Each structure stands twice: as C-alpha cells, then as structure tokens.
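Enquirer: Single-letter residue listing:
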Amino acid sequence: MKRILVLIVILFVIGCKTKPKQVNERFSVVTTTTMITDLVKNIGGDKLEVKGLMGAGVDPHLYKASEGDVSKLFNADVVVYTGLHLEGKLEDVFEKMEHQSKKIIVAADAIDKKNLISSELFASNYDPHIWFDINNWTKITLHIADKLGEIDLKNAAFYKENAKTYLKKLKTLNLEVETKINELAVEKRILVTAHDAFNYFGKQHKFNVVGLQGLSTATEAGVQDVQKLAKFIIKNKVKAVFIESSVPKRTIEALKEAVNSNGHQVVIGGTLYSDALGSAETVEGTYIGMYKANVNTIVNALK
Amino acid sequence: MSSAQIEIQLIASLVAIACAIPGVFLVLRKMALISDAISHSILPGLVIGFFITHDLNSPLLILMGALSGILTVVLVEYIQKTKLVKEDTAIGLVFPAMFSIGVLLIAKNANDVHLDVDAVLLGELAFAPFDRLIVNGIDIGPKSLWIIGTILLITLSLLVAFFKELKVSTFDAGLATSLGFSPIVIHYGLMSIASVTTVGAFDAVGAILVVALMIAPAATAYLLTNDLKIMLVFSVIFGVFSAISGYWLAHWLDASISGSMITMLGFVFFLVYLFAPNRGFISVLYRNKQQQKEVQLLTFLLHLNNHTEENERHINHLNEHINWHKIKAQSIVDLAEKNNMIVINNQIIALTPKGKIFTEKAIDYIITNDDSKIESMKKDFFLFRG
Chain A
1 MKRILVLIVI LFVIGCKTKP KQVNERFSVV TTTTMITDLV KNIGGDKLEV
51 KGLMGAGVDP HLYKASEGDV SKLFNADVVV YTGLHLEGKL EDVFEKMEHQ
101 SKKIIVAADA IDKKNLISSE LFASNYDPHI WFDINNWTKI TLHIADKLGE
151 IDLKNAAFYK ENAKTYLKKL KTLNLEVETK INELAVEKRI LVTAHDAFNY
201 FGKQHKFNVV GLQGLSTATE AGVQDVQKLA KFIIKNKVKA VFIESSVPKR
251 TIEALKEAVN SNGHQVVIGG TLYSDALGSA ETVEGTYIGM YKANVNTIVN
301 ALK
Chain B
1 MSSAQIEIQL IASLVAIACA IPGVFLVLRK MALISDAISH SILPGLVIGF
51 FITHDLNSPL LILMGALSGI LTVVLVEYIQ KTKLVKEDTA IGLVFPAMFS
101 IGVLLIAKNA NDVHLDVDAV LLGELAFAPF DRLIVNGIDI GPKSLWIIGT
151 ILLITLSLLV AFFKELKVST FDAGLATSLG FSPIVIHYGL MSIASVTTVG
201 AFDAVGAILV VALMIAPAAT AYLLTNDLKI MLVFSVIFGV FSAISGYWLA
251 HWLDASISGS MITMLGFVFF LVYLFAPNRG FISVLYRNKQ QQKEVQLLTF
301 LLHLNNHTEE NERHINHLNE HINWHKIKAQ SIVDLAEKNN MIVINNQIIA
351 LTPKGKIFTE KAIDYIITND DSKIESMKKD FFLFRG
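The listed protein sequences correspond, in order, to chains A and B.
To convert, note that position 168 of the first sequence is 168 in the numbering used here; the numbers rise steadily by one, no gaps.
To convert, note that position 289 of the second sequence is 289 in the numbering used here; the numbers rise steadily by one, no gaps.
Some clues are possibly wrong.
Here are the simulated BS3-like cross-link-like pairs (lysine-lysine), alpha carbons at most 25 Å apart as the crow flies [stated by the list, open to error]:
1) A:Lys96 x B:Lys143
2) B:Lys143 x A:Lys102
3) B:Lys338 x B:Lys361
4) B:Lys143 x A:Lys103
Simulated from the structure, these hints should not be mistaken for lab results.
Quick caveat: nothing in here was measured; it's all calculated off a predicted structure.
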C-alpha cells in the first residue's frame, strides 16, 4: 500500500507541472457546432487553425466528448461557441477555461437580448437556434471577426476583410432565399418539424412554425402533442411536414400516420438541417449551402 | 503527452483505486448493486441542496447527495432486516423510490431550472483537466483531482485503521459481535464511504464508469484469490490498469474515454474469467475432462483387477466389454501404461504391483468411504496431470 501511495505522490507531482505552451505562429481556435466552425473558417482563412468539436449531424445537446477533444481544447487559444445553453454543460467548462489564459467568444453575445425569442414560461431562457435568422448570422459574423481581431492584433485587418467578403455572400443568400420564399403564398407558410429549431427562421421569413417536441431534443413528444398537431395540420391543410437531420424521424412519422388516418394527406417534405450542417465535403456542409437546401426543401414541398 | 492527458490518467487512476477498495467489500457482501442504486438515489439530496442554496455549483449539493446516498443504505438495511425480502430486492425497492422523490420535487418546484444529476455532477473525464482549483491566484491542479485525492486518502486511512474489523465483520458477523465491535457500525461506515466515493467520483468521471470501477475490478480479483489483502491489491491493479489502458484505447480510437475504460474493464474480466488458474473457464473445463479420464482409468483398472481370465484382459476386448470407443480405450491404456500401472504382453494386459496397490486403495476408499484415505488418493491422482 505504501508503494502505491508513493507512486500516487510522484504522479501527482508530475501531473501538477504544466508545460509552457509553445508559441504558435497561428492561433488555434476550437469551435463547437458545425455552423460556428464553418463561420470561423470563413473569417480566419489560413491565418487560423480551426478545429470543430461536433461533427456533421451531431446534436449539440447530446454531444459526447472523445479523447481527441481533450488535446483540441488543451492546445486551444480561443474557443468559439453559440451560447444560450445550446452547448449545455460544455459552456460551464468553457467559462472556466477563461481563467486559464484561453479566450472565449460567444456568438449569442452579438444579438441584442430583445431580439432573442424567449420561452413563454421562463423569460430568462432563450431559444438558442439563432443562426436561422440571416440578420443574426450577419451580426455574429461581425462580432466574431471583431473579437478575433482583438485577440490576434496583427491579423485583425485580414479578419475584417474576410468578414466583409462573407457578409456580401450572406446578402446574396438573403436575396436568393427571399425570392424563393416569395413563390409561396403567406397563408401557405406553415412549417411543421420535429423540434422547435426554426423559430428564428419563421420570424425572418414570416412562417408559422410548429414543433412537435419542445426546444430540447432530449425530451420526447407525448401522444397528446401528436394528436393536437394532427388536428392543426388538417385544419390548415398543410401539405408537408419535415424531418430534421439531428433528430430521429420516428416522431414525425407517427404524426404523419395520425394525420393520414384522419383522411387528410400529408407527406414528409424532406430532411431539414437543424442543429448541424451536412457532411463536410458536400454543399450542405457550409452555412450558405445548408440554408439554401433548407429553403428549397421547404418551398418545393409546400407549393 | 500533454499535461491534460497526464491529469486525466491520474484522476482516472485515483478514482479506480478509490472505487476498488469499497468495491471489494461490496462484492464480498453481495451488495455490488448498491453503487448503482446510490448513483440514482442522490437526486433528492441534490434537489434539496439546491432549494437551500439556490446555487447549482454549491458544494452543499454534493454533501446532501452523499447524505441521501447514506439514507438509501440505511433504508435498504432496514427493509432487509425484516427478512421479508432479500438484499437485491431491498435495493431495488429503495432507489427508484428515492429517485422518484427527486423527480417529483423538481417537477413541483424547480421545473424551470436545468436540474438533474447530469447538470450538477458534470461527470465527463475529458473536461476534468479544465476545471481547475485556483487558490490565491495560483493554479494548483484540477478540482476533481483534489476531491478524489481527499476521498482516497480518507478511504485508505480508514482501511488501514479498521482492516481487521472490516475483515471479520465481512466474513463472520457473529464473531465480530462476540469480539466486541458492532458489525452494524462497520457496515454503515463502509456504506458511507461507498456513498461519498460514488458521489465524489461521479463529479470526476461520470455515473457508469463509477459503477463499473466499483464492481468489475473486485469481481475480477475474486476469480483469482480468496485472500482479502491480495484481493484488494489485485482490484487496485486491475482498476488502474483498465483506467490507463482504456485511456490509450480512447486515444487510439479517438472515442469516449469512460466508454473505453469500461471496455477495458470488461476485457480484463473476460480474460481472467477464461484463464484464471482455479476458477477460470478453461481451468474448470480441463479439470472436468481430467476427472472424467481418471474415473475411466479407475474403471479400467478395477476391471483388470476383477478378471484373471486372459480373454477378459485381451486388448481388443476392451472395446466390446466396457463399451468404449477405440480411441478412448487406447488413450486410457496409454495413460495407465505411462504411469507403470499395467504391462502388456502379447496383447494381454496385466496390472503391475504399483497398479495393484493403487486399485486396492481405490476399492478400499469406495467401500469404506473414509475421507482420511482420500488424501493419499488425491496425491496419486495428481500424478496423471503431468
């Protein structure tokens, strides 16, 4: 037993020594969701080393850390995340990392509190799916570019320049999306999905957004929720409902069955990207590609 | 290796040791399930702690959690003492009740707070190095390292101080009472340690890994030894080995650290289960086979002893008379010949003097069923295991 104790003490002493971090030429940035990763890569270009924690199709609420994430976080100079509890308990970890000479950038800080959609019951809880309003994404782009510039002074102009280029792309995206959505009459703009991820999308494009389960993807829809929503769909003659990439499609299929058994035909309009982008190599692996894909899926199915 | 990687392995190793020690006693007392029970029944403690402090990060929450863990143990003990239900049933009755009280308290009073076991006890080993303890502006290492180190130190000193009492009351509660110390006090002491360790380790490494680290190393060690001290040492070795090798497995696969550690615990148990010298699967299989062979040999020798006529002792006769398969018959004959118990002349088998003595001893034992004679028999039988 003594030997074990000695071993523990030795290991402990080794463990307490922290190696001085080598000065990297490039800042190492760890990002959480695929949306944030895509954005930071656009701003940082080749001046930043960007490592995303969550892969394509990973639900941020249910993300589990892997061993590689330890090294990513340990070697990070900056951590960029969404905030508003989208990343759950991880946010506490990031906040604590601020005391360890690591900088954190919270995307949600870019948005004025009064522009956030708050929960009906609990005023201080906000809907974290802020990226679905392109205006929000514009603000977030500027915010992150600013903050990165403060941290990495000598590349500040570069980040600002990249942000400007990206904002132009966002503007084009906004126009394209608006034209597409205008093909759809306002009374047809009803978006039924698995969970409430599209409230900001609805707010920007005047959609009536109805989610089957609540904000958190951890809870499940009850039988009553399904029946209520089925009645709503029949009453409003909704043509299609949608599946989400990071939420199981079982519940939305149950909804479809419930509607169809009452004589109204509703189809599954396709899969929408909600809490994560598509795979890295595809067009949907970028924010802009994802947004276009979503709008096309929605408009084509509801027309 | 970065310091974060070293720290994770260090925390995991300390948790492994801190869990292995109470784990050995839990397994020996057939109460292994209690660690799983405690991991659920701490919820009402956390909730009440939150009601008092209104702070999710207060240490009082963890203290209250440990208290409700101990309450679980007390209730289990109480139900079990009625003798109406067994240990496992008592555990199964208490912890869902405790957990549901916690759920009801949340639903009634704190529905708008993200309050559940996961929220209070982070339990992700990968992030443990980033939650650091800072005293007077100086970083003195990860918080969970200090928590689990303190728990381990308490556990170790209690183990050393009360080793004899723990040993006696685990194996013979009656003797413990007559020696003048209450097995009940020792029992509650042990369960309190298990409870505190579970809650503390929870915060560092997460629920499932704690349960696995309590039970798997002790269960593995129990396959190898009956000696309490050796069992403790083995459990610690298995726990630490699985923790560190599991970490590198996770590194190699870029997978969940706890998941890989539990995989290693299962793998080590499986290996020991297969290859343990006395209780292992292969060893038992070999022993059964060997015993079968020895019985056959004895039958064969008795047959030779009973028949003086040559045709009964002809080598070809074995197949038809004793009804053995040819290959089996040959292997038994070879075995007997190798041990100088028979000689074969012109395909006629005869017992040697050694074979004769052996057979007579066996007959003697079968008739008298005298245990004192079996000792030397055993020695003879071991002869064949070369």
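Enquirer: It remains to establish, for every hint, whether it holds in the given structure.
Expert: Here is how each hint holds up against the structure:
{"no.": "1", "hint": "A:Lys96 x B:Lys143", "result": "holds, 11 Å"}
{"no.": "2", "hint": "B:Lys143 x A:Lys102", "result": "holds, 18 Å"}
{"no.": "3", "hint": "B:Lys338 x B:Lys361", "result": "holds, 19 Å"}
{"no.": "4", "hint": "B:Lys143 x A:Lys103", "result": "holds, 21 Å"}
Against the hints set out earlier in the document, no violation occurs for any number.
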